[in-house]
Amino acid sequence: MTSGALAEHIGEVTLIDQHVHGCWVAAGDRQRFENALNEANTEPIVGSGLDSQLGFAVRAHCAPVLGLPKHVEPQLYWERRCQFSEAELARMFLPAAGVSDWLVDTGIGADTAGPADMADLSGSRAYEVVRLEEVAEQAAQAPGDYATAFEDILRRRAATAVGTKSILAYRGGFDGDLSEPSPSQVADAASRWRDSGGTRLQNRVLLRFGLHQALQLGKPLQLHVGLGDRDCDLHKTNPLLLLDFLRHSADTPIVLLHCYPYEREAGYLAQAFNNVYLDGGLSVNHLGARSPSFIARLLELAPFHKILYSSDGFGPAELHFLGAALWRKGIHRILREFVANDDWSEGDAIRVVGLIAHDNAAGIYRV
Amino acid sequence: MTSGALAEHIGEVTLIDQHVHGCWVAAGDRQRFENALNEANTEPIVGSGLDSQLGFAVRAHCAPVLGLPKHVEPQLYWERRCQFSEAELARMFLPAAGVSDWLVDTGIGADTAGPADMADLSGSRAYEVVRLEEVAEQAAQAPGDYATAFEDILRRRAATAVGTKSILAYRGGFDGDLSEPSPSQVADAASRWRDSGGTRLQNRVLLRFGLHQALQLGKPLQLHVGLGDRDCDLHKTNPLLLLDFLRHSADTPIVLLHCYPYEREAGYLAQAFNNVYLDGGLSVNHLGARSPSFIARLLELAPFHKILYSSDGFGPAELHFLGAALWRKGIHRILREFVANDDWSEGDAIRVVGLIAHDNAAGIYRV
Amino acid sequence: MTSGALAEHIGEVTLIDQHVHGCWVAAGDRQRFENALNEANTEPIVGSGLDSQLGFAVRAHCAPVLGLPKHVEPQLYWERRCQFSEAELARMFLPAAGVSDWLVDTGIGADTAGPADMADLSGSRAYEVVRLEEVAEQAAQAPGDYATAFEDILRRRAATAVGTKSILAYRGGFDGDLSEPSPSQVADAASRWRDSGGTRLQNRVLLRFGLHQALQLGKPLQLHVGLGDRDCDLHKTNPLLLLDFLRHSADTPIVLLHCYPYEREAGYLAQAFNNVYLDGGLSVNHLGARSPSFIARLLELAPFHKILYSSDGFGPAELHFLGAALWRKGIHRILREFVANDDWSEGDAIRVVGLIAHDNAAGIYRV
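Chains as they are written, first to last, in UniProt numbering: chain A, 1 to 367; chain B, 1 to 367; chain C, 1 to 367.
Simulated from the structure, these hints should not be mistaken for lab results. Ideal placement from N, C-alpha and C gives every residue a C-beta, glycine not left out. Keep in mind that the hints are not guaranteed to be accurate.
[To be verified] With the C-beta cut set under 7 Å, the calculated list includes, among others, these residues of chain C facing chain B:
(1) ASN38
(2) ALA40
(3) ASN41
(4) VAL46
(5) GLY47
(6) ASP51
(7) SER52
(8) PHE56
(9) ASP233
(10) PRO261
(11) LEU287
Using the sequences and the hints, build the whole thing.
Dropping the structure here:
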């Protein structure tokens, strides 16, 4: 049996990148570039950010896009990259990803492209995902009742957005009570927070309030899970700690993002709850040559209509492209083996690729 | 080196299915079938339960047993299945598993086959495994002292049974004190439980009492570990939380069931304690094409005389067969590679297959 | 593309074994040998310690060193082994490992070789790693102020040592406060400990004091992580529980040892902190034929200049050799695949082998 049709389909399939940030729009130095290749470290990197699976993957997959040989030396890669503006780099890397729709979390990145910029630079469509903690910080600065202000801002912003996102993982993690707080609890907590400046939301009551507002909104709610920078306590981002929250989340789609090293737990939750989805964005980029094994684990307990694609690209436009390049290569390696072993038919493999690439995301985000 | 002898041995070896439930005996609708292919979700499934590794594995491995081509469409599979009664399906799938002995947990499934039915439908032997929480619920309804009633019922039922089973994982999990309670604690807890109706045991004191009664009985004690439905808090079923209990469990064999995603932790415990065993039942079925990697991880820290086979089939007779089919295919893939790399001799591989398939279980259950 | 150069380099590269204990110097019985092949069990093993991946690996890789065929029967292996003294075995196995420098944790093993013996038996260099809990126990027996005694002993011993080591994992685990205690807290705790005999340090205040003394010393601090004997609560050795400690550890290199089953978490920490390193010693030996998958996971999030080699050999000289043999075989299998898939260049693979084999360790230990 040949898998020519499968390989061809994977090479050509259009992707919905369902969780991404803007690429850079202004020039920066090499330290910025090196640190952008390390997710977890918040300090200037000692050694090179390219001395990693992600760095090797950039040299293997991104160098040819810039007209360089694969595996080019880091110094030569950097020099070549410096010959272009960030916008020029984006106009090379974004279209090369084969993405039809970018779902852009606008909650971070003052110097990065917004959804309109992403659409312009890529020639594809782009939509906003609204970060709940940013809505909270806007509500803290708004006049009048906090809860009303939050609801108003969320509904206004969500009118043109496709979903919401929470970084609860960075604001204390998933451990503990995540039930909906009472109005008086919200009012009290908001009053105290406003008195102390109303910046960088850490208050659990208000974080919980935001999550439940998102559930009531009904658009997909994305949750950062697992791998992130060292400000988060990684073990408190185990998605199993969300069980009680999920048991009371009704029908709103909840999308578990990144998931490493908890992708098997996330897959379990996607099987356990009709409204839970998962992706492996960010992780795939950081795993580089090791990403096929990770992609395979995403294909364990989760039903196939619950798995989504994303790159989680942020900063260097290489990352928006690399997510797609590694996903295509990795899922081909895995599914080719399933088909070769006669565990799956080739037709099934082709259908599942379409589900993950775009159909599942199109269904829940209505893009 | 060829592994013809290994392949032949794996294809023909007779299995002891050391943890299984009854197959269905009465007809049901498609929703029942679809939900029976999803372990974790307790609600009617949105989408198809066949859109998963387990569903694909049913189509790949079970379809030919019904005279259908591999990978047949779900609708055609369902229609074909409907042409048979559940008993007729069982008479096809159970013998095809190549199982000599079924060890049947009778604690759930009013509409499923008991040990005698399983023997009749399969043409093999079947034995009972007594669920401790059911014994407790029987003792709660019995007259007189609870502890005495529990001991009497357990000893009477265990006289013809080969082991006991606890679903502590579903009744609060493994976290916390699991030491033996005092007689007065048991009497107090039993009195309160009886007063409140004496159904669905959740009381920790009485759960602990049951476990220690099973230890004193001395027959193998099976523990549900890991993967189950969403009523259990999966992170509280990490078997490492059993460490203190195991340190005081003396010689009674303790069998950790299912284990996903904690199979590496379970393997550690099987190395650490002379009386701890593990299996990968249920998980293998749900992992389908991904099961070889899981089977490989079961072969890490656990000594080879501590690993057991089971399917954990429950409901559709497909599952009792599929466990065996996937295990045979998966362990062949793994051991063939060990032999091809000259890490193991083929003779060693053949011997280990026999240990897992039947010798280890025959030793502890004395069947 | 052929990987002949890679295979040749891996076969010949000299190793720094950065965490090891002494090999036996006195004869012992078979029970000692069998138990030395089981890390987790602290009781006499029922069955054979050779009936495991480690046992099979000894028969596959160590038998030829003794002039026996691969996969020889355990009884024949034992008989052959008995024809040599432990010193003679060491003079065969240690040089065969291809190790230039042994970094010897001297904190356990009264009947094992010290650094000078290891150098003599192997014909290579050996250095001491000082165990902090042993320093504490020496300080408890010393006259005068405990803190001063600890500092004096540590500085005196560290003058000729290359690093320190803590087994906090065995003394309560990583859970809880690991900040530096105040001098009065230390004095109080030391006074109570001395009054109760001053043996086997379990006091958290004094354990924390030792860790912070090691940070101030500035030489690499090794931490036992994950897999160990059953006296430790394995789930309390998850290195993510060290996050707060690492956030305040400044520049002193911290080396996470063994790491199974938390190697992915350890790799995350090695990415998150400039001063965190990891190795997979002990685990590689126990995984045997399954070690390539583990070695591959060590190559996920950790930058390549943060990964170290060790065997963690202790007792049978086979283990000091086996760590090297399995590492060479495993990393070749993994990197060969990266190169074959054109994910890495062969030159990169060769360079990374050198980093892990010796360059990274040479850099932090200054050997």
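The hints, checked one at a time:
| no. | hint | verdict |
| --- | --- | --- |
| 1 | ASN38 | holds, 6 Å |
| 2 | ALA40 | holds, 3 Å |
| 3 | ASN41 | holds, 5 Å |
| 4 | VAL46 | holds, 4 Å |
| 5 | GLY47 | holds, 5 Å |
| 6 | ASP51 | holds, 5 Å |
| 7 | SER52 | holds, 5 Å |
| 8 | PHE56 | holds, 6 Å |
| 9 | ASP233 | holds, 6 Å |
| 10 | PRO261 | holds, 4 Å |
| 11 | LEU287 | holds, 6 Å |
Hint violations for this structure: none, all hints satisfied.
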